[in-house]
Amino acid sequence: MSRQPGKLDPSSSKALQELGDRLRILRILRNDTIGQMAERLQCSPATYAALEKGVPTSQIGLLVKAMTVLGVVDSLAMLAPVSVELMVANPAVRKRVRSVKRSLPTDSELDF
0 MSRQPGKLDP SSSKALQELG DRLRILRILR NDTIGQMAER LQCSPATYAA LEKGVPTSQI
60 GLLVKAMTVL GVVDSLAMLA PVSVELMVAN PAVRKRVRSV KRSLPTDSEL DF
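Here the sequence shown is numbered in numbering that gives the first Met the number 0, starting from 0 and rising by one per residue.
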């Protein structure tokens with residue numbers, strides 16, 4: 000059985016719908032139309048309408064742009080709060096592994 004893209008469990012679908020409802024309310028409070036928001040976000044009105052409907056295949060970048068236009072992008076930090084102090088103090092955080100540059104073999108190391 001193939002997995003259908005965009006298929007979510009009921010609680011995730013409800014959360015997306017509530018997020019879309021919030022975007023719609025904020026847009027209406029600004030007296031903006033879907034067309035005006037779409038123009039600001041450089042997308043089609045149908046794409047923005049899908050974001051407000053909570054369609055799971057909507058782009059996250061478009062969501063961030065919409066939140067910026069609506070003046071609520073700062074609330075993104077509340078979506079998955081992690082304190083900076085915790086991140087710095089946690090030694091389990093992986094450090095970047097640097098690759099070692101290999102040098103070319105010398106003439107004496109070549110077989111032919």
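Check before you lean on any hint, since a few could be wrong.
Said to hold, decoys possible - Capping the alpha-carbon separation at 27 Å, the derived lysine-lysine pairs in DSS-like fashion look like this: (1) 100 <-> 52; (2) 6 <-> 52; (3) 52 <-> 64; (4) 64 <-> 100; (5) 6 <-> 64.
Said to hold, decoys possible - Label-pair restraints from in silico Cβ distances: (6) 108 <-> 82: 12 to 20 Å; (7) 101 <-> 9: 18 to 26 Å; (8) 73 <-> 46: 17 to 25 Å; (9) 38 <-> 99: 45 to 53 Å; (10) 100 <-> 9: 19 to 27 Å; (11) 97 <-> 30: 12 to 20 Å; (12) 54 <-> 108: 56 to 64 Å; (13) 54 <-> 97: 36 to 44 Å; (14) 6 <-> 32: 26 to 34 Å; (15) 99 <-> 10: 15 to 23 Å; (16) 98 <-> 21: 24 to 32 Å; (17) 13 <-> 59: 16 to 24 Å; (18) 28 <-> 97: 31 to 39 Å; (19) 56 <-> 104: 19 to 27 Å.
Since the hints were made in silico from the structure, they are not lab data. Everything numeric in this text was worked out from a predicted model, so none of it was measured. Every residue, glycine too, gets a C-beta built ideally from N, C-alpha and C.
Hint check:
1. A threshold of 27 Å between alpha carbons decides the hint, and for residue 100 with residue 52 the separation of about 50 Å lies outside it, so the pair is violated.
2. A threshold of 27 Å between alpha carbons decides the hint, and for residue 6 with residue 52 the separation of about 15 Å falls inside it, so the pair holds.
3. Using a Cα cut-off of 27 Å, the hinted pair residue 52 and residue 64 holds, with the two alpha carbons roughly 16 Å apart.
4. A distance of roughly 40 Å separates the Cα atoms of residue 64 and residue 100; the hinted pair therefore is violated under the 27 Å criterion.
5. Straight-line distance between C-alpha atoms of residue 6 and residue 64 comes to about 24 Å, which keeps the hinted pair within the 27 Å bound.
6. Range check, residue 108 to residue 82: about 52 Å between beta-carbon atoms, so the 12 to 20 Å window is missed.
7. Checked against the hint of 18 to 26 Å, the pair residue 101 and residue 9 fails, with Cβ atoms roughly 53 Å apart.
8. Checked against the hint of 17 to 25 Å, the C-beta distance between residue 73 and residue 46 comes to roughly 24 Å, which is consistent with it.
9. Taking 45 to 53 Å as the suggested C-beta distance range, the pair residue 38 and residue 99 conforms, at roughly 50 Å.
10. Between residue 100 and residue 9 the CB atoms are about 52 Å apart, so this pair departs from the stated range of 19 to 27 Å.
11. Checked against the given bound of 12 to 20 Å, the beta carbons of residue 97 and residue 30, roughly 53 Å apart, lie outside it.
12. At roughly 59 Å, the beta carbons of residue 54 and residue 108 sit within the given window of 56 to 64 Å.
13. The beta-carbon spacing between residue 54 and residue 97, approximately 41 Å, falls within the hinted interval of 36 to 44 Å.
14. A hinted range of 26 to 34 Å for the beta carbons of residue 6 and residue 32 is consistent with their spacing of about 31 Å.
15. Separation of residue 99 from residue 10 is about 47 Å and departs from the stated range, judged on CB atoms against 15 to 23 Å.
16. Hint check: residue 98 to residue 21, Cβ distance near 44 Å, so the stated range 24 to 32 Å is violated.
17. Hint check: residue 13 to residue 59, Cβ distance near 18 Å, so the stated range 16 to 24 Å holds.
18. Residue 28 and residue 97 have their C-beta atoms about 50 Å apart, which leaves the hinted 31 to 39 Å range violated.
19. Between residue 56 and residue 104 the beta carbon distance is about 51 Å. The supplied range of 19 to 27 Å is therefore violated.
Checked against the numbered hints listed earlier, the structure breaks hints 1, 4, 6, 7, 10, 11, 15, 16, 18, 19; every other hint is satisfied.
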